[in-house]
Amino acid sequence: MAEELVLPYLGSIPLDGDITEQSDKGDPVVLSIPDSIAAKAFMKLADTCHQFLNPETANAG
Amino acid sequence: MVVTGECRLLHTCEMCEFNNDTDCKADKNEHNRWIVNKRMNDIKFKLIIGSNKGGVGKSTVTTNLAVALAEKGFKVGLADADLHGPNIPKLMGADHVRLRATEEGIDPYETRNGLKVASLGFLIEDPNMHIAWRDAVKYDFIIELLGNIHWGELDYLLIDLPPGTGNEQITIIDFIGDIDGAIIVTTPQELALLDARKMISFARDSNVPIVGIIENMSTLTCQNCA
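Chains as they are written, first to last, in numbering that gives the first Met the number 0: chain A, 0 to 60; chain B, 0 to 225.
Among the hints, erroneous ones may be present.
Said to hold, decoys possible - DSS-like, lysine-lysine: derived pairs with alpha carbons at most 30 Å apart:
| hint | chain 1 | residue 1 | chain 2 | residue 2 |
| --- | --- | --- | --- | --- |
| 1 | B | LYS89 | A | LYS39 |
| 2 | B | LYS43 | B | LYS74 |
| 3 | A | LYS43 | B | LYS71 |
| 4 | A | LYS39 | B | LYS43 |
| 5 | B | LYS71 | B | LYS37 |
| 6 | A | LYS24 | B | LYS71 |
Unchecked claim - Pairwise CB distance ranges, derived in the manner of DEER restraints:
| hint | chain 1 | residue 1 | chain 2 | residue 2 | range |
| --- | --- | --- | --- | --- | --- |
| 7 | B | SER205 | A | GLN50 | 22 to 30 Å |
| 8 | A | PRO33 | B | PRO126 | 25 to 33 Å |
| 9 | B | ASN112 | A | ILE36 | 37 to 45 Å |
| 10 | B | GLU109 | A | THR19 | 21 to 29 Å |
| 11 | A | LYS39 | B | ASN28 | 17 to 25 Å |
| 12 | B | GLU102 | A | LYS43 | 34 to 42 Å |
| 13 | A | GLY16 | B | VAL96 | 22 to 30 Å |
| 14 | B | GLU102 | A | GLU20 | 23 to 31 Å |
| 15 | A | SER31 | B | GLU109 | 17 to 25 Å |
Quick caveat, the hints were computed from the structure, so don't treat them as lab data. All C-beta atoms, glycine included, are put in the ideal place defined by N, C-alpha and C.
Extracted from the complex, chain A is given alone in its bound form:
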């Protein structure tokens, strides 16, 4: 899909029970279940975004 639109693909976030549950609780999954697949997907996304905006740095943070 990103290819069709000639755009960088930043990654995918799964349809995941942890995300919906923690969102309803008001405790973002990244903080509350950092080892979950969902949280890891968001952390990876943060890296990808940071690298896009700072091409000179290899790793974020």
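Starting from the known structure of chain A, arrange chain B on it as the hints suggest.
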């Protein structure tokens, strides 16, 4: 706090370069541009997160992305521009928070890990009350969000857009002027892609660089599988 200017904006006279205590000549539009510009100058990367379509998870993705960036040690702000459905406070477990004004502006809510958040949800008493505002009022709110919130120095300001490519989006892009990137959120459905393509063309037409696409709700993870 004394408001002397024709601009009629609160909180800013003390810090405003137009202000000379008795005879401020700045008109409202001039002042709006000045105050937004002043705030945005302290922010390294200003990003908008949009999809055009509603319900694809913009706010959830934006919230978690903001939290993730803050966890990595960056100074991050999260501006909820969805004034008809300001969901960020609920997502952050901060629905009862109220913001306070100081001489520097309105202080955003700060989470335990240092993420600064501003949303209309913090200013509305009844969370079940709808917002029925015409464009002129929405325009003023966007300027409040960008200009009157005391964001301070940030590495990232993530702006969670409402659905659509209309008033709020145009106002944000117009006032900030040099947005560093747009992140497009979509889901795998053709319907979401149909709307996402319009968001992409809107960003391109507005000269906002596109960081890329996030595919949300892409695969189903099973809670009971190893």
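* Which of the listed hints are not met by the structure? -> Those not satisfied are hints 9, 11 and 14.
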